[in-house]
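Undergrad: Here's the letter readout for the chains.
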Amino acid sequence: MVVFDRPKSLTDKEFHYCPGCMHGVVHRIIAEVLDELEIKGKTVGIAPVGCSVFAYNYFNCDMIQSPHGRAPAVATGVKRVLPDNIIFTYQGDGDLAAIGTAETVHAAARGENITIIFINNAIYGMTCGQMAPTTIPGQITSTSPYGRKPEIQGLPIKVCEMLAAIDGTAYAERVSADCVKNIRGVKKAIKKAFINQIEKKGFSIVEVLSNCPTYWGMSPVESLEWVKTNMIPYYPLGVYKDVTANKENKKEEE
Amino acid sequence: MSELVLMKGNEAISEAAIKSGCRYYFGYPITPQTEIAEYMSKRMPQVDGLCIQAESEIAAINMVLGASSAGARVLTSSSSPGVSLKGEGISYLVGSDLPCVIVNVQRGGPGLGGIQPAQSDYYQATKAMGHGDMRLIVLAPNSIQEIIELTSLAFDLADLYRTPVMILADGALGQMMEPVDFDKLQPREIPEKTWAAVGHQNKREPNIINSLYIEPKDLEDLVIERYKKYDIINEKEVKYEEENIDGSDIVIVSYGITSRIAKTAVDKLRKNGINVGYFRPVTLSPFPAKRLGEIADMTKRFLVTELNMGQMVDDVKLATKCKKPVDFYGRTGGMMPSPDEIYQAVLRTLK
Amino acid sequence: MGITSIVAAGFGGQGILFMGKQLALAGMYLNKKVTWLPSYGPESRGGTSNCTVIISDDEIGSPVTPNPDILIVMNLPSYIKFHGSIAKNGTLICDSSLVSERSSREDIDKYYIPATSVAYKNNMPKLANVIMLGKLIAATNIFTPDELIMSMQKSIPSSKKDLLDLNIKALDIGFNYKE
Numbered sequence: 001m002v003v004f005d006r007p008k009s010l011t012d013k014e015f016h017y018c019p020g021c022m023h024g025v026v027h028r029i030i031a032e033v034l035d036e037l038e039i040k041g042k043t044v045g046i047a048p049v050g051c052s053v054f055a056y057n058y059f060n061c062d063m064i065q066s067p068h069g070r071a072p073a074v075a076t077g078v079k080r081v082l083p084d085n086i087i088f089t090y091q092g093d094g095d096l097a098a099i100g101t102a103e104t105v106h107a108a109a110r111g112e113n114i115t116i117i118f119i120n121n122a123i124y125g126m127t128c129g130q131m132a133p134t135t136i137p138g139q140i141t142s143t144s145p146y147g148r149k150p151e152i153q154g155l156p157i158k159v160c161e162m163l164a165a166i167d168g169t170a171y172a173e174r175v176s177a178d179c180v181k182n183i184r185g186v187k188k189a190i191k192k193a194f195i196n197q198i199e200k201k202g203f204s205i206v207e208v209l210s211n212c213p214t215y216w217g218m219s220p221v222e223s224l225e226w227v228k229t230n231m232i233p234y235y236p237l238g239v240y241k242d243v244t245a246n247k248e249n250k251k252e253e254e
Numbered sequence: 001m002s003e004l005v006l007m008k009g010n011e012a013i014s015e016a017a018i019k020s021g022c023r024y025y026f027g028y029p030i031t032p033q034t035e036i037a038e039y040m041s042k043r044m045p046q047v048d049g050l051c052i053q054a055e056s057e058i059a060a061i062n063m064v065l066g067a068s069s070a071g072a073r074v075l076t077s078s079s080s081p082g083v084s085l086k087g088e089g090i091s092y093l094v095g096s097d098l099p100c101v102i103v104n105v106q107r108g109g110p111g112l113g114g115i116q117p118a119q120s121d122y123y124q125a126t127k128a129m130g131h132g133d134m135r136l137i138v139l140a141p142n143s144i145q146e147i148i149e150l151t152s153l154a155f156d157l158a159d160l161y162r163t164p165v166m167i168l169a170d171g172a173l174g175q176m177m178e179p180v181d182f183d184k185l186q187p188r189e190i191p192e193k194t195w196a197a198v199g200h201q202n203k204r205e206p207n208i209i210n211s212l213y214i215e216p217k218d219l220e221d222l223v224i225e226r227y228k229k230y231d232i233i234n235e236k237e238v239k240y241e242e243e244n245i246d247g248s249d250i251v252i253v254s255y256g257i258t259s260r261i262a263k264t265a266v267d268k269l270r271k272n273g274i275n276v277g278y279f280r281p282v283t284l285s286p287f288p289a290k291r292l293g294e295i296a297d298m299t300k301r302f303l304v305t306e307l308n309m310g311q312m313v314d315d316v317k318l319a320t321k322c323k324k325p326v327d328f329y330g331r332t333g334g335m336m337p338s339p340d341e342i343y344q345a346v347l348r349t350l351k
Numbered sequence: 001m002g003i004t005s006i007v008a009a010g011f012g013g014q015g016i017l018f019m020g021k022q023l024a025l026a027g028m029y030l031n032k033k034v035t036w037l038p039s040y041g042p043e044s045r046g047g048t049s050n051c052t053v054i055i056s057d058d059e060i061g062s063p064v065t066p067n068p069d070i071l072i073v074m075n076l077p078s079y080i081k082f083h084g085s086i087a088k089n090g091t092l093i094c095d096s097s098l099v100s101e102r103s104s105r106e107d108i109d110k111y112y113i114p115a116t117s118v119a120y121k122n123n124m125p126k127l128a129n130v131i132m133l134g135k136l137i138a139a140t141n142i143f144t145p146d147e148l149i150m151s152m153q154k155s156i157p158s159s160k161k162d163l164l165d166l167n168i169k170a171l172d173i174g175f176n177y178k179e
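Line by line, the protein sequences give chains A, B and C.
Heads up: the first sequence begins at 1 in this note's numbering, then just goes up one per residue.
Heads up: the second sequence begins at 1 in this note's numbering, then just goes up one per residue.
Heads up: the third sequence begins at 1 in this note's numbering, then just goes up one per residue.
Since the hints were made in silico from the structure, they are not lab data.
Quick caveat, the model's predicted, so the values are computed rather than measured.
Hints are not guaranteed to be accurate.
To be verified - No farther apart than 25 Å at their CA atoms in a straight line, the calculated lysine to any residue pairs in the SDA-like style are these: (1) A:Lys191 x A:Asp35; (2) A:Lys149 x A:Asp35; (3) B:Lys317 x B:Ala128; (4) B:Lys236 x B:Gly21; (5) B:Lys19 x B:Ile190; (6) B:Lys290 x B:Ala128; (7) C:Lys32 x B:Pro45; (8) B:Lys239 x B:Met309; (9) C:Lys33 x B:Val5; (10) C:Lys81 x B:Gly114; (11) B:Lys268 x C:Glu101; (12) A:Lys187 x A:Lys149; (13) B:Lys203 x A:Asp5; (14) A:Lys201 x A:Pro137; (15) B:Lys317 x B:Lys217; (16) B:Lys42 x C:Ser155; (17) A:Lys191 x B:Asp181; (18) B:Lys323 x B:Gly310; (19) B:Lys268 x C:Lys33; (20) C:Lys88 x B:Asp267; (21) C:Lys88 x C:Glu101; (22) B:Lys184 x C:Asp58; (23) C:Lys33 x B:His200; (24) A:Lys201 x B:Tyr123; (25) B:Lys321 x B:Lys271; (26) A:Lys188 x A:Asp35; (27) C:Lys88 x B:Met309; (28) B:Lys217 x B:His200; (29) A:Lys201 x B:Lys19; (30) C:Lys88 x B:Glu341; (31) B:Lys324 x B:Tyr123; (32) C:Lys154 x B:Asp181; (33) B:Lys268 x C:Ser155; (34) B:Lys271 x C:Ser155; (35) C:Lys81 x B:Lys236; (36) B:Lys324 x B:Val238; (37) C:Lys32 x C:Glu101.
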């Protein structure tokens, strides 16, 4: 009896991610969700520039590699042509919250019925460890070698809080991939974000706090500990907006 | 008998796109092409199509990338400063072999420049629309009737060769009205888009739309393959118009709106006994270099005229291998020459 | 008639572009070649507005002309800008209720009609432009009244019959106006 198998929505290709990086875990979770919801055949994934730029090699569905930051605009184009397909983007913090902020905010404002998986590891991994829009104050990166100083480099963008303020956002939740218990939450949130799309509930984003052992200069275990002790306090976990829940509650009240 | 309609260039582009099966338009307002977005906003819902006013030119071109990936015929339009913003996306479209039609209703530049007609984006369109080894097909209509015919052709060429195609117009063509006849459109046959990312329905391997090739050899092979495609386009799709070339004393080379003004000057010159020829590239890329090379042996000299500082001059010199002198007369910044200015320029050149 | 170039100019809101379009349409319906090129941009927002119409038996080259055969002008700034450019033996049609100046040129035909006052007097304040058109066809042989009426019938939707009738009336007033 097979108790643990490779999801059908992943290809056989080996991940190129660094040892201990949680990209692989999140990829697997997305694949499990595509399997469980039986939507692999009608899903189109979009991976722009960042560590996940090769995601098109790993997901066993049609994939588009998009320009840096532009995935929500590309997703808009695909979804408007194929409204009954399932369209997701997989974006890092530099991609979504720096170069692609406008595309992200406006896709939310239009209430595009898409699913965004946002990996926040507070650093640029692909280009070897520069400051991200989500690098937390004091955090050392190669372009904030003395620690991020708010008076010079400004303050981080809290994406879920920001998008919760957009009327078009249907669902925004921040989860963390730092431990088994929280990873269960990651799966639950991602599944909900896809179900929302199937049920045409609108723009859904799941922010996953993640690690970068290589460019944080830590062991995998240390890096996960750092997520818990440094990132979660700055980026509190939780549901920031859930229009779907409100609607259900209202129905119950009636 | 088919009916003539009096239409603005911008409206004609839009309606021709719809008649060519385009059902998706993504754009951002900018003078002098905003009528396209307005026309599409009104017209697309009537044909079950979609027009989205994007948050930026950058977003618009990436929506185009998405819609094209999903197999749709899709249009975006802008004017010079906005087209610069689209450059990144256009490069990705080329790198991913995605078809689409991009309209540039040019205005004066650089920078915010002006809003009056110009052809100052010739270099950008034909040589440097994006980073990387890449080309576009660039079509330069000179009448509203030709705008609709070339818009239809643009969609066909885009799909046939899986490449972005640009219609390079200008503020005057965008704004002016002439009678058009839509019954003259002659669509080509287009193969099915089996490469599109529409979901594999568990019946085939995933389709991947991608422009990233981390192995240099892979990328080189792909670019070389794409350049073979450009060779075929060069072989089969060059279009030009010519008149009174053989034995002429001078040939005026001009495209787009300027060729109209040049034509008036040419007619007057000929009436006054000047033996002048007229050559108009309709495709700026592929450039009618072969024909101009032949013409170099049939005339004594060339005068290039365009609404810029002489950007096509290089191409004419290369095509003719500098066998004959190539002079230039142009206006820029939104200024348009009168036919008489071109007339006088020819006389000066012949002196 | 060969080729005729017309510049219509005035303030935004006077229906200058519409006037030009009516001429282009009439030409098109009579199977002539036509171009209509407007001024555009900030100057048309409450400022001056103008368009160039060319009507020809043969293919039209340039849609712009430095020396129009006919100038129809409905404000002073446009009069100052364009009056000197009218081609020799050309025609000036001027709304004298808005332009106080009189041309001293001897090489052109000059027609003055207080179209805007006439339009107000006839309770059709928005149709001074069509009154100007009426004067134009009376002064030149570019179109007959019937040809222009045919063009209006074709281009003004039948659902707006009242508007069509009013336009035809304005055309008639302009056509028959005596100084």
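Undergrad: Look at each hint and say if it fits the structure.
TA: Verification of the hints:
1. A:Lys191 x A:Asp35: Given pair Lys191 of chain A, Asp35 of chain A holds - Cα atoms ~11 Å apart, limit 25 Å.
2. A:Lys149 x A:Asp35: violated (44 Å)
3. B:Lys317 x B:Ala128: Holds - the C-alpha atoms of Ala128 of chain B and Lys317 of chain B are around 19 Å apart, at most 25 Å.
4. B:Lys236 x B:Gly21: holds (24 Å)
5. B:Lys19 x B:Ile190: holds (15 Å)
6. B:Lys290 x B:Ala128: The hint holds at about 22 Å.
7. C:Lys32 x B:Pro45: Distance ~34 Å between Lys32 of chain C and Pro45 of chain B Cα, so the pair is violated.
8. B:Lys239 x B:Met309: Within the cut-off at roughly 24 Å; holds.
9. C:Lys33 x B:Val5: holds (12 Å)
10. C:Lys81 x B:Gly114: holds (21 Å)
11. B:Lys268 x C:Glu101: Not OK: Lys268 of chain B and Glu101 of chain C at ~35 Å, beyond 25 Å, violated.
12. A:Lys187 x A:Lys149: violated (34 Å)
13. B:Lys203 x A:Asp5: Distance ~22 Å between Lys203 of chain B and Asp5 of chain A Cα, so the pair holds.
14. A:Lys201 x A:Pro137: Since the Cα atoms of Lys201 of chain A and Pro137 of chain A sit roughly 35 Å apart, the hinted pair is violated (cutoff 25 Å).
15. B:Lys317 x B:Lys217: Violated - the C-alpha atoms of Lys217 of chain B and Lys317 of chain B are around 34 Å apart, more than 25 Å.
16. B:Lys42 x C:Ser155: holds (20 Å)
17. A:Lys191 x B:Asp181: With a Cα-Cα distance of about 53 Å, the restraint between Lys191 of chain A and Asp181 of chain B is violated, given a limit of 25 Å.
18. B:Lys323 x B:Gly310: Status holds; Cα separation ~18 Å.
19. B:Lys268 x C:Lys33: Given pair Lys268 of chain B, Lys33 of chain C holds - Cα atoms ~19 Å apart, limit 25 Å.
20. C:Lys88 x B:Asp267: holds (20 Å)
21. C:Lys88 x C:Glu101: holds (20 Å)
22. B:Lys184 x C:Asp58: Holds, because 20 Å separates the two Cα atoms, which is no more than 25 Å.
23. C:Lys33 x B:His200: violated (52 Å)
24. A:Lys201 x B:Tyr123: Violated. Lys201 of chain A to Tyr123 of chain B sits at ~46 Å, over the 25 Å cutoff.
25. B:Lys321 x B:Lys271: violated (31 Å)
26. A:Lys188 x A:Asp35: holds (14 Å)
27. C:Lys88 x B:Met309: Violated: Lys88 of chain C and Met309 of chain B sit about 33 Å apart, past 25 Å.
28. B:Lys217 x B:His200: violated (29 Å)
29. A:Lys201 x B:Lys19: This hinted pair is violated, its Cα atoms lying about 34 Å apart.
30. C:Lys88 x B:Glu341: This hinted pair holds, its Cα atoms lying about 18 Å apart.
31. B:Lys324 x B:Tyr123: The hint holds at about 23 Å.
32. C:Lys154 x B:Asp181: The given pair, whose Cα atoms are some 17 Å apart, holds under the 25 Å limit.
33. B:Lys268 x C:Ser155: Given pair Lys268 of chain B, Ser155 of chain C is violated - Cα atoms ~35 Å apart, limit 25 Å.
34. B:Lys271 x C:Ser155: violated (38 Å)
35. C:Lys81 x B:Lys236: violated (49 Å)
36. B:Lys324 x B:Val238: holds (23 Å)
37. C:Lys32 x C:Glu101: It is violated: about 35 Å lies between the C-alpha atoms, which goes past 25 Å.
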